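Novice: Sequence:
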Amino acid sequence: MKLGGRSARWLVAGIGLIPFAALCVAAATGSLGADPPEKILHETGEWALRTLILSLAITPVRRWTGLSGLAPHRRTFGLLAYFYASLHFSSYLVFDLGLDWGELGHSIAERPYITVGFATWLMLTPLALTSTRRAIRRWGRRWTVLHRLAYGAVCGAVIHFLWSVKADPTEPLIYGGLAALLLAARWRPRRRNRTGRKNKTCATLRRPSRDPGQDPA
Numbered sequence: 000m001k002l003g004g005r006s007a008r009w010l011v012a013g014i015g016l017i018p019f020a021a022l023c024v025a026a027a028t029g030s031l032g033a034d035p036p037e038k039i040l041h042e043t044g045e046w047a048l049r050t051l052i053l054s055l056a057i058t059p060v061r062r063w064t065g066l067s068g069l070a071p072h073r074r075t076f077g078l079l080a081y082f083y084a085s086l087h088f089s090s091y092l093v094f095d096l097g098l099d100w101g102e103l104g105h106s107i108a109e110r111p112y113i114t115v116g117f118a119t120w121l122m123l124t125p126l127a128l129t130s131t132r133r134a135i136r137r138w139g140r141r142w143t144v145l146h147r148l149a150y151g152a153v154c155g156a157v158i159h160f161l162w163s164v165k166a167d168p169t170e171p172l173i174y175g176g177l178a179a180l181l182l183a184a185r186w187r188p189r190r191r192n193r194t195g196r197k198n199k200t201c202a203t204l205r206r207p208s209r210d211p212g213q214d215p216a
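For what it's worth, numbering that gives the first Met the number 0 labels the leading residue of the sequence shown as 0, then goes sequentially.
No wet-lab data here; the hints were simulated from the structure. None of these values were measured; they are calculated from a predicted model. Beta carbons: idealized from backbone N, C-alpha and C, even for Gly. A hint or two may mislead.
What follows is a set of in silico ranges between Cβ atoms, one per label pair, in the way DEER data are often shown [unchecked claim]: (1) 137 - 96: 34 to 40 Å; (2) 102 - 62: 30 to 36 Å; (3) 8 - 29: 17 to 23 Å; (4) 165 - 9: 35 to 41 Å; (5) 99 - 143: 37 to 43 Å; (6) 65 - 140: 21 to 27 Å; (7) 21 - 93: 18 to 24 Å; (8) 65 - 92: 39 to 45 Å; (9) 142 - 8: 15 to 21 Å; (10) 136 - 98: 19 to 25 Å; (11) 142 - 31: 38 to 44 Å; (12) 140 - 29: 48 to 54 Å.
Build out the structure end to end from the sequences listed, making use of the hints.
Specialist: What follows is the structure, encoded as C-alpha cells:
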C-alpha cells in the first residue's frame, strides 16, 4: 500500500470516522451519559479541532521526514475537520436552539464564542467545497491563497473552545499551543527563503563584472 495512494487515503478516512461511529453506537445504546446533547457537542467540536490540527501538521511533518506521500492526507484531514465542524454546528442548532434560526442570529450577534465558532465554520466551508482536483486546476494560485483560511480557522477553533469552557482551560490551551507550533513551523522556512533570496541578490550586485574577453579563472 502506497503512503499516499487511494487505499491509504480511504484507510485514513475510515479511521477518522471511528469517533463518529462510536457516537452513533453510544446514542443508539443510550450510553452518552447524563447530558447526551452536551456530550455530542463536545465530542464533535473536539474532533473538528483535532483533525484540523492534523491537516496543518502534514506539511511540517512531510518536510522534516521527506515523506512526500503524506501530502494527499492533508485534504483527507481537512474534509474530516469540516465534517465534524458541521456536525458540531448542526448539533448546536438542533439541541440548543431547536432549529430556531432567529435565535441563531441572536446568538451569533450577542455571544462572542458563538460568533467566533460560526466564523470558523464559514472559513472551513469554501475550503471543503474547493478541495477537488478540478478546483485546484481551475483556481491555480488563487486556490493556494484561499486555502490559507485554514490558518485563521484553526485560530478561531481554539478561541471558540477556550471561550466556551466553563472550568479548566488547560485542554484548549494545549490545542492552542500545538496550533501555534505548527503555524510557526510552516512560516519559518518562508522567511528563511526570502532572506536567502535577498542575500543572493545582494551578492550578485556586489560581484565585479568580468571582461568578456577574459578567460574564466
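Novice: Now tell me if each hint is right for this structure.
Specialist: Going through the hints against the structure:
Checked against the hint of 34 to 40 Å, the pair residue 137 and residue 96 passes, with Cβ atoms roughly 37 Å apart. Against the hinted window of 30 to 36 Å, the Cβ-Cβ separation of residue 102 and residue 62 comes to about 45 Å, which falls outside the hint. Between residue 8 and residue 29 the Cβ separation comes to about 34 Å, which falls outside the hinted range of 17 to 23 Å. As the Cβ distance of residue 165 to residue 9 is approximately 39 Å, the hint placing it in 35 to 41 Å holds.
Judged by the Cβ atoms, the range 37 to 43 Å given for residue 99 and residue 143 holds: they are separated by roughly 39 Å. About 26 Å separates the C-beta atoms of residue 65 and residue 140, a value consistent with the hinted range of 21 to 27 Å. Between residue 21 and residue 93, the C-beta spacing of about 20 Å keeps the proposed range 18 to 24 Å intact. With their beta carbons about 44 Å apart, residue 65 and residue 92 fall inside the hinted range of 39 to 45 Å.
Under the hint 15 to 21 Å, the C-beta atoms of residue 142 and residue 8, about 19 Å apart, fit the expected range. The supplied range of 19 to 25 Å is broken by residue 136 and residue 98, whose beta-carbon atoms lie about 39 Å from each other. For the pair residue 142 and residue 31, the supplied restraint of 38 to 44 Å holds, since their beta-carbon distance comes to about 39 Å. Distance hint for residue 140 and residue 29: a CB-CB separation of about 51 Å, consistent with the stated range 48 to 54 Å.
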